[in-house]
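Visitor: Next come the chains, spelled out residue by residue.
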Amino acid sequence: MSDARDGRSDTRLWQRGLLLVLAFVALIHSAVLMFWLAPSGPVRDSIGERTLETYVNPYFGQSWSALAPNAQFVDESFRFRAHIENETTGKDRVTEWVDVTRADTSALRHSLDPARVHQMGRRLATNINGAMYGLDSKQRKLVKTNYISTPVSVLQGRLAAAGSPNAVRAYMAYDQMATRFASMYAKARFGGKILEVQYLVGRRTVPDVDDRSSKTVRDVEFSWFAFGYRRAFEATYEAQTAFDEYVGR
Amino acid sequence: MRDVGYRLLDVRDLVVATFRRWIFAAEDWLLAEPRGLYGVAVCRIGMALSVLGLLISNFTTRQVWVGQGSVWAEPARAISQFPEIALLDGVSGDILTVFYVVTMLAAVSLLLGWHAKASNVVTLVGFIAIVAQNPVVADESDNLIRIALLWLLLMQSSERWSLDAWRRDRRGNGGGGAARAARSSEEVLPVWLSRGLHHVGLLGLATQTILLFMAGGLDKVSQKIWQQGTALYSTMQLPEFRPFPALSDLLTGSTVALALLTYAVLLTQLFFAPLLLNPISRRIVIAATIVVNVLIAVLLALPWSSLACLALVALFVSTGTYERFDERLRSALAPAGDWFAMRGYDLQDAWFAVAERTVYPVSDWFRANVLRR
Chain A
1 MSDARDGRSD TRLWQRGLLL VLAFVALIHS AVLMFWLAPS GPVRDSIGER TLETYVNPYF
61 GQSWSALAPN AQFVDESFRF RAHIENETTG KDRVTEWVDV TRADTSALRH SLDPARVHQM
121 GRRLATNING AMYGLDSKQR KLVKTNYIST PVSVLQGRLA AAGSPNAVRA YMAYDQMATR
181 FASMYAKARF GGKILEVQYL VGRRTVPDVD DRSSKTVRDV EFSWFAFGYR RAFEATYEAQ
241 TAFDEYVGR
Chain B
1001 MRDVGYRLLD VRDLVVATFR RWIFAAEDWL LAEPRGLYGV AVCRIGMALS VLGLLISNFT
1061 TRQVWVGQGS VWAEPARAIS QFPEIALLDG VSGDILTVFY VVTMLAAVSL LLGWHAKASN
1121 VVTLVGFIAI VAQNPVVADE SDNLIRIALL WLLLMQSSER WSLDAWRRDR RGNGGGGAAR
1181 AARSSEEVLP VWLSRGLHHV GLLGLATQTI LLFMAGGLDK VSQKIWQQGT ALYSTMQLPE
1241 FRPFPALSDL LTGSTVALAL LTYAVLLTQL FFAPLLLNPI SRRIVIAATI VVNVLIAVLL
1301 ALPWSSLACL ALVALFVSTG TYERFDERLR SALAPAGDWF AMRGYDLQDA WFAVAERTVY
1361 PVSDWFRANV LRR
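Chains A and B, in that order, give the protein sequences.
For the first sequence, the working numbering gives the first residue as 1, with consecutive numbering after it.
For the second sequence, the working numbering gives the first residue as 1001, with consecutive numbering after it.
In case anyone wonders, no lab produced these hints; they're calculated from the structure.
Treat the hints with care, as some may be off.
The following residues of chain A were derived to be distant from chain B, with all beta-carbon distances above 10 Å [stated by the list, open to error]:
| hint | residue |
| --- | --- |
| 1 | 51 |
| 2 | 57 |
| 3 | 87 |
| 4 | 134 |
| 5 | 136 |
| 6 | 151 |
| 7 | 152 |
| 8 | 160 |
| 9 | 166 |
| 10 | 228 |
DEER-style ranges, computed between Cβ atoms [unchecked claim]:
| hint | chain 1 | residue 1 | chain 2 | residue 2 | range |
| --- | --- | --- | --- | --- | --- |
| 11 | A | 10 | B | 1356 | 55 to 61 Å |
| 12 | B | 1279 | A | 205 | 43 to 49 Å |
| 13 | B | 1294 | A | 213 | 26 to 32 Å |
| 14 | A | 25 | B | 1328 | 38 to 44 Å |
| 15 | A | 95 | B | 1105 | 41 to 47 Å |
| 16 | B | 1284 | A | 237 | 57 to 63 Å |
Yeah, the Cβ is synthetic: ideal placement off N, Cα and C, and Gly gets one too.
Make the full structure from the sequences, and use the hints.
Guide: This is the structure in structure tokens:
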């Protein structure tokens, strides 16, 4: 069975050397990943977060708590309403609130291999809630105002003037995503010309395990945070068609 | 004084000798017959199935997930560092479909081990390009699959249970020399390099897997809720991890069942690496990890990430176990194989019978009358 060829004696020094170097690199690579996966400590700090990040990302990026399943406690919800204009009559109206998360939840039921699109609303809510943590009370008041004729980029300037710039960037990115998502969803659901949309995110925490017989997460009310109206986003014909097919009417 | 000098020289010789021994041992390890070929093959099959499963699950909604309909996720995409996303940047729905189907076909061919290296490359690039289009709904298992596919590139993943191996065996049926000729005709790299790379890849992926389990386990054990054995309750209350509410409630309703599952998850992750060291505890931890992942797949609707996890675990099953399984599989499948072979012959006979009455007379007539031979 064992093949005598290409053992150590049949290879040249540089060939063996090359393999040793490659194996060494693989081990060093693993050590670097270990520091990346580890919580911050003296060694990790001395290498520096940025250095580690540029080495690990994107191809070897993983998070510390990567291995499913994880303990999660928060249920999130994404809703929106739209101000629409009937294109034939020219009349406008504000729609009722659309509960995106509820629709997704019923799509996920009895599905062993859920499609990722059914997580879109919930993930948007999670990320917006996360971004809100970075904003202070003055900034949170600012996001409640409407930006319809004034471009939403003005909001970015106002938020940046009020506090931490990093959190503002994250919030503005998710605000843009939520606005686009709600606009396309509204168009698919109601038709007509979408003028503005307003989105709403809710969160509630799973009650303690000891109370499970009397109170589950479904008995808990969401605490809502409403944002101001934003000017609607108009998607291309093909993009909107894809969305129409997904949402249905 | 002189004595001390000699003794120092002795010590130096000893250190040099030990170092040389280690280096030689490392070289022998790297240049030996490729190890873990079955485990690597199962890892290849599992990862290919994960990719394929994920793409099939999302096929009908692909245009909204990663196509034109995902234009809303543009700001998240803009900060993604994967250059592969440029492949699908602003493409039309039809091109996305073609790209998507090609990636699925590559995953099928990786699964079957048909031109495994090439299909590994296409699967990896296609997978990254598709999944990274919508970072908002990305999953941690995407990272796991990507990293495994990267390391698999270095390894000889189609030496067992693959069409590549089957083809090589068939060509080399004429005996040892012919087999070797058939093998070497397909080898691109010199033997020392392909063996060395295989072992470097194995080292890299195995270390990565152990680190992943260790990090996951340490993270969990630091949380009180895992120590108390109730951590999975809250997760199983959330709609996205509750495909079968009655089943989830049944399990979380029992304190014992909940604690068993929670501890099983925690312990198989935390002690995965140390338990691998002993052959008996290795079997136990691998069996437990398989059971835990199957349960998670069903209870939390995480089939593809659980499968990817199991594909990594497959690396640690010994070659002896796989060989016994292979033998049993072959003897179990032999009657079916024989049956198919006999039907193959029947089909051949039937074709000859038809050809004798149709094709051959016509060709004979043509040769005799037209070509006049």
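Visitor: Against the earlier hints, flag every one the structure doesn't satisfy and list their numbers going up.
Guide: 2
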